[in-house]
Amino acid sequence: MPRTTSGTRLLFRWIGNGLLLVMLVWTLVPFYWMMATSLKADQEIYGFEATLVPHHPTLAAYVRLFQQTPFMKYVRNSTIIAVSTTAVSLVFGCLGAYALARLRFRGRRLIARGLVFTYLVPPSLLFIPLFAMMSALSLVDTHQGLILAYLGFTVPFCTWLLMGYFRSVPLELEEAALVDGCTRLGALIRVVLPMSLPALAVVAFFSFTQAWNEFLYANVFVNSVEVRTITTGLTLFIVEDVFFWGPMMGAAFLSALPPLVVYLVFQRWVVKGLTLGAVKG
Amino acid sequence: MTSGLDPAVLYPDERAVPTPVLRARRRLSLTRRHEARLAYALLLPALLVILGLVAYPFVSAVYLSLQNKPVGAPGRFVGLANYAELFRDEVFFQTVRNTIVYTAVGVSLKFVLGLTMALILDQERRFNNVFRMLLFVPWAVPVVIAALNWRWIFDDLSGFLNNFLITVGLTRDIISWLADPRLAMGCVIAVVVWQGTPFYTMTFLAGLQAIPRELYEAAEIDGASVVRQFVHITVPRLRTIFLTTVMLSTIWTATNLQFVLILTRGGPANRTEIFPHLAYVTALGARRLGMGAAVSLAFFPLLVILIILLTRRMLSQTDD
Amino acid sequence: MTKANMTRRQALKTAVAVGLATTGPWWLVRGSHGARAKKLVFWQLPNFTPLADQLQKEQVYEFAKSAGLKESEVEYATVSNEGFAEKLAAALEAGNPPDVARLYESNVQFYAAQGHLLDVTDLVDKMRREPKGIFDSSLTAVRYSGRAYGVPLAVNPWPVHARVDLLEQHKLDYPKTWDEFIETCMKIQSPPRLFGFGMCLGLVEDTTDNVMNLLWCYGGKMVEADNKTVVMNSPENAAGVKVIEAMFRTRKIIPQGAIGWDNSGNNKAYQSRQAAFVMNPTSIYAYLNQSDQDLQKRTGLFPVPAGPKGTVNLIDTWAFGAFKQNPYPELARGLISYFMQPANYDKIIQSTGGRWVPVYKRLFDSPFWKSKPEFKHFVSMAETGVPVSYAGSPTPAAGEVLNTHLIPKMIQRVLVDNWEPPRALEECHRRIDEVYARNRKV
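Residue numbers (the working numbering), protein chains in the order written: chain A, 1 to 281; chain B, 1 to 320; chain C, 1 to 442.
Because the hints were derived from the structure by calculation, they are not lab data.
Wrong hints could be hidden among the right ones.
Label-pair distances were calculated between CB atoms; the ranges are [claimed, not checked]:
hint	chain 1	residue 1	chain 2	residue 2	range
1	C	F368	A	Q68	17 to 27 Å
2	A	R13	B	G223	18 to 28 Å
3	C	Y61	A	I189	52 to 62 Å
4	A	H56	B	Y216	45 to 55 Å
5	C	E58	B	D173	43 to 53 Å
6	C	Q54	A	H56	22 to 32 Å
7	C	Q293	A	P57	18 to 28 Å
8	B	G186	C	T229	38 to 48 Å
9	A	N17	B	V235	18 to 28 Å
10	B	Q94	A	S6	46 to 56 Å
This one's a predicted model, so the numbers in the text were calculated from it and none came from an experiment.
Where is the CB? At the ideal position from N, CA and C, for every residue including glycine.
Make a model of the complete structure from these sequences and hints.
Listed below in structure tokens is the structure:
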């Protein structure tokens, strides 16, 4: 191998490591601050010195969180809703994305653009007519209602992003499969999807976290504790002009863990899937 | 790669076509006729969702903008009066400028940072998985909490940033990050970029991971430099993903009010007032739903033009 | 059947099956849409202490039991302040608001004007008949067209929370006038660690409250008592604004970052011992009671200093409202009545640790309040206090002015854009006038 390229590669690697370090620090300091706050006593939280390491770490905030709020119920609800939303969005998204990416039909461009147009009216305006619909259909205070509302947000996005990824899959592989006697759906399942594993993971992942962290619809469409999600529970720690930072940051920290853990697991699965795919293809 | 499923290109010489391919070609041409029906069937679920859950409220929002409609009271049709009132207000033009700057700078920074980090994370490295997870953290936290957290970090009196700078000795005075008209927009954009970069990083990374290593190895054997490999292998493959990601992110950034709402509420003195925030204050603060809808929709033309321009190349059939 | 046909049919079948399966619950639910099952729907905003929340919940269920309701017929929803406006707006638009909810200030008149609230004049009259009655200042917020549409549950003065230990240390008394106040601040402050005056100047409600409170002491006001004549561009207001400008720019007793504060900014400043004086309702005091008794001991609660035109104190009012779209209005009224029975009421008031100030005058004679010398000024402050819309009452127009932060924008024109006070007041006057005019048309 030419020496210059490997030399350049090494240089890029070291630059890469440096930038990665900077980026990690910038990304994680606020998160660390959140976690540290959850371990501080109230007095220290409001102290003039923004202490990086809590002087007297205490779990009082977490105790308050679990004793005074039905936090585990919120976690259960968030999980049900996020998982269902993700599963349905993936299915709808894959089917629709394949159609937009590979098939020719009238209205293709219109529908594709339409996907993006759906985000022009943001939830902060849509929630009122949407709530009226939910109310008329008796879907208020139900898991299904919230899932359905979230689908309105995640399905266009899944379809749109997957369309982009599917278009990047080389056509020859599909053509080869079709020539071999595969149906279109078969080509989708046997060729395109395996090659798009990273994309599927990312899209599933983003749908999950969006449903997990959503606030507006969860607040408006749900009253009962039995259906309430974590994010609406979090804001109960803001009482007018007083912020109970300790328990709020504690809950936020705990709430961030499931998405991160799931991501870590997904990453391993994706890499495994890809290497298997590479061996086959 | 640009041939599509056109056997005529694969086998230009009619006489030499083998039988299996002839059969396939027949199947393919049948498929092409039914392609449209298949497409609609596959799209049906997604379309149902969109029409039922988005289109109807969308249309009602448009109709709302043509009404004088306070919360809780019936509406009165007023035609374009809301828009007229909006265009007469000097804050409107400042809002347009602010929104364009906020969106353009935010998206550009997110793109550059996202691509850089995706390339770095694509390199072989121990613990890459952990690093990828850690960089995902900003997305794992609800936006409300992230914004509140940053609000506090930027706080003038008890914020982490000022405390750190003063302790380390970099400044002597308190810096009013969110109250200084010169700094406020920059700080808001910094938070937007902090929270939104993982989206770019991860979508680009997913695209990079799908590019087979063999292509790079082959290019290297041919003597191409790293930069040339990037330009000629990576970029063409990722172009569609670039466009889809930027398109979605632009709209999300331009319509997100959470950061401005929690960090600055449009201040100081309208320096960070952007459309979605103005719409929110109008619809729920002043409780004028009709006017709020009008504010929201007034920014559409710009976004619609942007969508059409950016997606034109991407959606043309002969694109690769 | 050719392979192509199978593909198409297969695909269609799959799509329909998937569609049905995923929207299945929707079809099932559609059938069950009928009359609402709940007979009493109460939205609870957090009452500041978990104990108060708990007590309120108990009271709701106690009342329900006494009214013969089953637990399953009561809906008790805790709603956070963040997002309350959205939730109520959506509920009203969809035609199913709660039966009883706590409403702030002008919201009572806003919903009453639209005809959404039940007339509760009789409930208020009953309260006034209690020995010593109630603070009548609380009635300006709940009255509309001569009738009461809300039941006031707390009258909250906005005292000056003051660091009496610092005053003692510098051998100073609490300042009687704003001029003295400025001098005192300059003496006791030591920026950047300690500022004299934590005045809120951000684009939030606290700013409107702080600014107007000062302007009143200089003879200024927003609107006349007829709730029509806007008088924002008066020379008295200009005099007051100039004082604020001096405090911020030349005397520097207000931290520069106050321009970016939210409603919790002044709380934070005081609680972190970085501001010596703040004007805020007793949420700070109640917080200190829970979490920082050391600072609580060093805190005094005082009326606002006097300007050339005397001292005027601010109060705001929370009230219970009952919404009309309710098949069981007697239950809603009964619940409010139950809450306001003095014994029940007092329990909750005491459990908020000083956050809520009782609307019944007699309750101030109880040991709970007598044992807190900090509150000795409160009776007169509650008696004579005025709402932020002074000299008008909290009408929907006043509410819109507060919610769209027209007065904070005015003060930021002066402090950030360097406008002359009369020019900024002129723009503010014009905008407030537009708001009042528009609300009159409706």
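Now for the hints, and whether the structure bears them out:
1. Checked against the hint of 17 to 27 Å, the C-beta distance between F368 (chain C) and Q68 (chain A) comes to roughly 24 Å, which is consistent with it.
2. The hinted range of 18 to 28 Å is satisfied by R13 (chain A) and G223 (chain B), whose Cβ atoms lie roughly 20 Å apart.
3. Between Y61 (chain C) and I189 (chain A) the beta carbons are some 54 Å apart, a value that agrees with the proposed interval 52 to 62 Å.
4. For the hinted restraint 45 to 55 Å between H56 (chain A) and Y216 (chain B), the CB-CB distance of approximately 54 Å keeps it satisfied.
5. In this structure, E58 (chain C) and D173 (chain B) meet the distance hint of 43 to 53 Å, their C-beta atoms being roughly 52 Å apart.
6. For the hinted restraint 22 to 32 Å between Q54 (chain C) and H56 (chain A), the CB-CB distance of approximately 28 Å keeps it satisfied.
7. In this structure the hint that Q293 (chain C) and P57 (chain A) lie 18 to 28 Å apart at CB holds, the actual value being about 21 Å.
8. The hinted range of 38 to 48 Å is satisfied by G186 (chain B) and T229 (chain C), whose Cβ atoms lie roughly 43 Å apart.
9. Separated by about 23 Å at the C-beta atoms, N17 (chain A) and V235 (chain B) satisfy the suggested range of 18 to 28 Å.
10. Take Q94 (chain B) and S6 (chain A): their Cβ atoms lie about 53 Å apart, and the range 46 to 56 Å holds.
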